[in-house]
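Construct the entire structure; sequences and hints are all you get.
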Amino acid sequence: QVLELCYNAVGDLQGLCARPPPELQHLGLRYNRLCGPSQEKHLTVDFWPNLVSLDLSFNSLTDLLGLVSQLSTLQNLRILVLQGNPLALIPTYRGFLVDSLPELSILDDIHIWPDERQQFQGLARQPELTRSEARVVVSIGEMKGLPDPKASQQLKVGSAGPVITYSYRVTYEF
-15 QVLELCYNAV GDLQGLCARP PPELQHLGLR YNRLCGPSQE KHLTVDFWPN LVSLDLSFNS
45 LTDLLGLVSQ LSTLQNLRIL VLQGNPLALI PTYRGFLVDS LPELSILDDI HIWPDERQQF
105 QGLARQPELT RSEARVVVSI GEMKGLPDPK ASQQLKVGSA GPVITYSYRV TYEF
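Quick note: the sequence shown, position 14, residue -2 per our numbering, numbers continuous.
Just so you know, the hints here were simulated from the structure itself, not pulled from any lab data.
Ideal Cβ positions, reconstructed from N, Cα and C, are used throughout, including at glycine.
It is possible that some hints are incorrect.
Computed spacing ranges between beta-carbons, pair by pair [stated by the list, open to error]:
#, residue 1, residue 2, range
1, Gly68, Arg101, 20 to 26 Å
2, Gly20, Met127, 33 to 39 Å
3, Thr57, Asp(-4), 17 to 23 Å
4, Met127, Glu100, 24 to 30 Å
Structure follows, in structure tokens:
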């Protein structure tokens, strides 16, 4: 059985897990609004005993260790897609998953070969390597079309002229 709930703005799995289909083999939840540990607790064998394939790609999942601890209960899980989540940016992401989920055969649409599994052996016992933090540095070389505050005329002390103030706000969305 297959259940595809892609592009549905799903942000909470609690309702879905109230009466999960017991024979479900594939659950597709890509491009939704899943984030945080409160969702990961619903991704266990208690809710999905026969799950073979799980697609959680392009959500907002960040806790790799928490997610792996829940997914490791899914003994039948062979295919997992997590690409497009912030946790996929962790440098040891693929290796940690390959070693932590030994029954997995495909991760992010890429087959896991025995030599890759051998290469990452032991990584699951080093959770400190899965730092779940990142640093982003943004440099702005030049901004056009904005008045330069340094170029504005300086008023003499005690002058009654108008005071002009410039302030700028920059917002980044990720």
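Is 24 to 30 Å a correct range for the gap between the Cβ atoms of Met127 and Glu100?
45 Å, violated
Is 20 to 26 Å a correct range for the gap between the Cβ atoms of Gly68 and Arg101?
24 Å, holds
Return holds or violated for the Cβ distance of Gly20 and Met127 against the range 33 to 39 Å.
36 Å, holds
Is the distance from the Cβ of Thr57 to the Cβ of Asp(-4) consistent with 17 to 23 Å?
20 Å, holds
When the structure is compared with the earlier hints, a violation turns up for hint 4 alone.
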